[in-house]
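Asks: Numbering of the sequence shown is given in the UniProt record's numbering, commencing with residue 1 and proceeding in unit increments.
Just so you know, the hints here were simulated from the structure itself, not pulled from any lab data.
Below are the DSS-like pairs computed for lysine-lysine, each with C-alpha atoms no more than 27 Å apart in a straight line:
id : residue 1 : residue 2
1  : K51       : K18
2  : K51       : K25
3  : K65       : K18
4  : K65       : K25
5  : K49       : K18
6  : K25       : K49
7  : K51       : K65
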Amino acid sequence: MASAAQEGRNQSRILFVKNLNYSIKGEDLYELFGRYGPIRQIRIGDGPKTKGTAYVAFEEMNDAKQALDRLNGFHLQERYIVVLYHMPQKLTAKAELARREAELEALKQAHNITDDQR
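Work out the full structure, taking the sequences as your base and the hints as a guide.
Replies: Take a look at the structure:
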């Protein structure tokens with residue numbers, strides 16, 4: 001069971017929603033998620049890698065928690081949606097790792113180092 005401090009770190013006012021029907025509209029999401037509290041913003045993915053996803057930003061963290069608790073697995077427009085807390089620190093960590101790996105690769109090439117072990 002998560003401690004209160006750990007749970008607080010895992011919560012956010014912003015929810016990440018995936019497995020959405022590609023024809024979903026902002027109004028559909030405002031109607032569904034708005035039942036749980038005032039919404040600051042909804043952003044629907046429209047690129048090849050983001051289609052079928054959205055971010056829903058609530059005014060209050062408790063409203064986001066209620067929406068996540070009640071809507072994760074909800075059947076919406078012939079799809080079962082997945083609702084998660086948005087975790088920007090994970091995205092930052094991935095970007096940092098990719099940057100460091102690229103730096104390492106550049107150093108290997110600059111110093112003619114290969115990964116071959118003989």
